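Line order of the protein sequences matches chains A and B.
According to this note's numbering, the residues represented by the first sequence are 1 to 248, in order.
According to this note's numbering, the residues represented by the second sequence are 1 to 481, in order.
None of these hints come from the bench; they were simulated from the model.
Quick caveat, the model's predicted, so the values are computed rather than measured.
Note that the Cβ used here is the ideal one computed from N, Cα and C, for glycine as well.
There may be inaccurate statements among the hints.
Far from chain B, by Cβ distances over 12 Å, these chain A residues were calculated [claimed, not checked]:
id: 1; residue: R180
id: 2; residue: A194
id: 3; residue: H204
id: 4; residue: A221
With beta-carbon atoms standing in for the labels, derived distance ranges [what the hints assert, rightly or not]:
id: 5; chain 1: A; residue 1: A176; chain 2: B; residue 2: G451; range: 55 to 61 Å
id: 6; chain 1: B; residue 1: L465; chain 2: A; residue 2: G66; range: 50 to 56 Å
id: 7; chain 1: B; residue 1: L465; chain 2: A; residue 2: S148; range: 34 to 40 Å
id: 8; chain 1: A; residue 1: H204; chain 2: B; residue 2: A311; range: 40 to 46 Å
id: 9; chain 1: B; residue 1: G327; chain 2: A; residue 2: R244; range: 57 to 63 Å
id: 10; chain 1: B; residue 1: E323; chain 2: A; residue 2: G23; range: 46 to 52 Å
id: 11; chain 1: A; residue 1: L15; chain 2: B; residue 2: E473; range: 36 to 42 Å
id: 12; chain 1: A; residue 1: A187; chain 2: B; residue 2: E473; range: 37 to 43 Å
id: 13; chain 1: B; residue 1: E473; chain 2: A; residue 2: R244; range: 50 to 56 Å
Stretch-level coverage of chain B by chain A, calculated; a stretch enters the list once three of its residues show a Cβ under 8 Å from a Cβ in chain A [unchecked claim]:
id: 14; stretch: 388–397
id: 15; stretch: 400–409
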Amino acid sequence: MSDVVIAVRALGLELGGREILRGVDFRVRRGEVLAIVGPSGGGKTSLLRAMNYLTPFTAGAIDIAGHRLEPGMSERRHAALLCAVRTRVGMVFQSFHLFPHLTALGNVMEAPRRVLGRSAEQARRSAEELLARVGLAEHAGAHPHTLSGGQQQRVAIARALAMEPEALLLDEPTSALDPRLRGEVLAVVADLAAAGQTMVIVTHEIPFARRVADRVLVLAAGEVVEEGVPEEVFDRPRSEATRRFLGE
Amino acid sequence: MLLLLAPAIAHADALERVRQRGVLRWGGDMQGGEPYVFQDPEDPAALRGFELEIAEAIARRMGVRAEFVQNDWLTLVPALERGDVDIVMNGLEVTPGRRARVAFTRPYYRFRETLVVRADATDVEGLEALRGRRVGTLGASLAHEMLRQRPEVEVVLYEGVDEPYADLEQGRLDAVLLDHVIAERYGLTRPGLKRAGDVGQGDYAIAVRPDEPALAAAVDAALGEAMAAGELEAILRRWQLWDEEQRRLLAAGPAVGAPAPARAGFGEILARVHVSLFLRAAGVTLVISALAMALAVIGGLGLSLARRYGAAPLALAASLYVELFRGTPVLLQLYVLYFGLAPLLRLDAFTAAVLGLGLNYAAYEAELYRAGLEAVPLGQTEAALALGMPRRLALRRIVLPQALRVALPGMANDFIALLKDTSLVSVITVVELTKQMTITAVDVRSWLVPGALCALLYLAMSYPLSRVARRLERRLLPVPR
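Modelling step: build the complete structure from the supplied sequences, incorporating the hints.
Following this line, the structure appears as structure tokens:
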């Protein structure tokens, strides 16, 4: 079954007269892991944020989780549609953005309680399970500032998973961490991939992308310069831009 | 030691000092208004008034120049005692209480206490009819002293001469008792008010420090000469103050009153300061503060949200509100709310006090929340939205709790400031802690004991608050991320 969860169609993004993205086109199928790589400033993060409309785009369209995002939508006028998309699509940020006034458990429980209307008991049980899954069962009562960066990012992943998203968007989940903490986060993401979680990951970790991704998309100067399975893209790059990026 | 002796030396030869300086400094309050001493409406830099002319007549006869010194009416006698002025002349009534404190010259004017009521009132005539009614007057006046003899009357104290009549017309009072000079100029000129009889009389005289008999005698003699020469009569006639009573006063011409008895001792003052009155006034202060703060917290939240998230006209209105209420004195706002808007909106004094302070502090709270909201990083909102939260929910559950943590210590500090600002509501006749202190101070003729008690009560209320504020600051700042 080849049902497409995300279809990005001829996406363009212009910001202050500068073209950030141009003609970006790709699909993500259910259970697939797509890694987006490429040089800094190439538009990777903008592309990811456009997929749940945190960054509005100016051309093309995105079909995601059964809804269509289009240019010119506003937080106020399209609140219902945007909430529906974001409820079905999770996001993990580079710098975690945990809620500092809530405990780890509170962070994970918040959205299922308030958005999905789950009972406190139900939300707590599944939050505890998720924290256990990311290896933080014993830190449920801790506030974010008492946790290490790696632990915080794992709470953030659990928080996104608590909504049982059709797709998970991860924006450079390990770049804010020092090298010895990256492994624990990457291990969690690899587990999710193995379990069949649909994911789009913006990353700089080429070995990790090679191991976990089903397909790799290379974005440079706002355009898709290459797309394919990791072995092809990393071992036999066809485009000059990819070769230059991998050579760095 | 030298400092202690200084006033004694200064007082010893007051008359000589005045002559050497060539200036007789006389104390009064321009706010008392026409006809006593007031700013000339034609030329705001100049003063006019019948007392100004009397002062000049006296100074001329003493061979010096008269110089007016502005002072709050309630503190004229303390200013005299401190040596800020040589004499006080400003409708100062000769009362037994004042006699115990200052030396008076012969009187220069005899007035009647006039009761004024609304024109449609039929059942108020004389003091007996005032039982259970609200009667306005000036604090520390002879009328105030007369009314205090009758505990069954509810006395409301004012600081200006026009406001009690305005309130009487508005129905906030049942009657006003004041000197006929004031009643005729400020009360009976209003079509809705009428005279309900004169209930007594009294004299205005010039006050001099009791330990300066030479100065007192010289001023009294100069006044006597002005009377004998017909100059006083001419002045009073010019100001339409002359009547048969004044002729009798002139004929009598009593000399300086007996020397003042010794000041009341410390123990005597203590015995006359009623702690229960202070406790009740402190209660009024606390209740007004708490209600006004509640209003400010809720109103401020609305204002800051309107400014940050509201549609353009709403945000603009909220900004204007904040600038208006922060940029003008709260005292002015209280005057406008209570006296200015009275024809449209007749608030009782307590409600006006809570509303006035609450509306003012709402502007400050709005600024605190704004700082708090700005301190919450955008990433927090994005993370909430990315979880599918609607904007309102994200604001309520994620952004506001963090913003409030930033604002909370400032709010506690504002509450302490508000507690002290309640002293301003005495201008709209609310008797709170500071007002109670001034009433008692004038009553027992000491500012020290009532002042200390007043300060103690403020501290008892504000100190626990500042402890809470400091603890909040320690616990909540910096917001850990």
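- Just tell me: holds or violated, for the beta carbon distance of B/L465 and A/S148 against 34 to 40 Å? 39 Å, holds
- Non-interface claim for A/H204 versus chain B (Cβ beyond 12 Å): 20 Å, holds
- Pairwise beta carbon distance, B/L465 to A/G66, judged against the given window 50 to 56 Å: 55 Å, holds
- Query: Taking the minimum C-beta separation from A/A221 to chain B, is that value above 12 Å?
  - Reply: Non-interface label stands for A/A221: nearest chain B Cβ at 26 Å, farther than 12 Å.
- Item | B/G327 versus A/R244 beta-carbon gap, inside 57 to 63 Å or not | 60 Å, holds
- Does the Cβ pair A/A187, B/E473 satisfy 37 to 43 Å? 41 Å, holds
- Outcome, coverage hint (the stretch 388–397 of chain B, chain A; C-beta under 8 Å; three residues): holds (count 6)
- Query: If you check the beta carbons of A/L15 and B/E473, does the distance land in 36 to 42 Å?
  - Reply: Check passed, 41 Å falls within 36 to 42 Å.
- May I ask you to test the hint 40 to 46 Å on the CB atoms belonging to A/H204 and B/A311? Hint holds: Cβ distance 43 Å, inside 40 to 46 Å.
- Item | Distance restraint hint 55 to 61 Å, applied to the beta-carbon atoms of A/A176 and B/G451 | For B/G451 against A/A176, whose Cβ atoms are near 60 Å apart, the range 55 to 61 Å holds.
- Item | Verdict for B/E473, A/R244 (Cβ pair) under range 50 to 56 Å | 54 Å, holds
- Query: Is 46 to 52 Å right for how far apart the beta carbons of B/E323 and A/G23 are?
  - Reply: Once the Cβ atoms are compared, 49 Å apart, the range 46 to 52 Å for A/G23 and B/E323 holds.
Going through the hint list in order, the structure satisfies each hint without exception.
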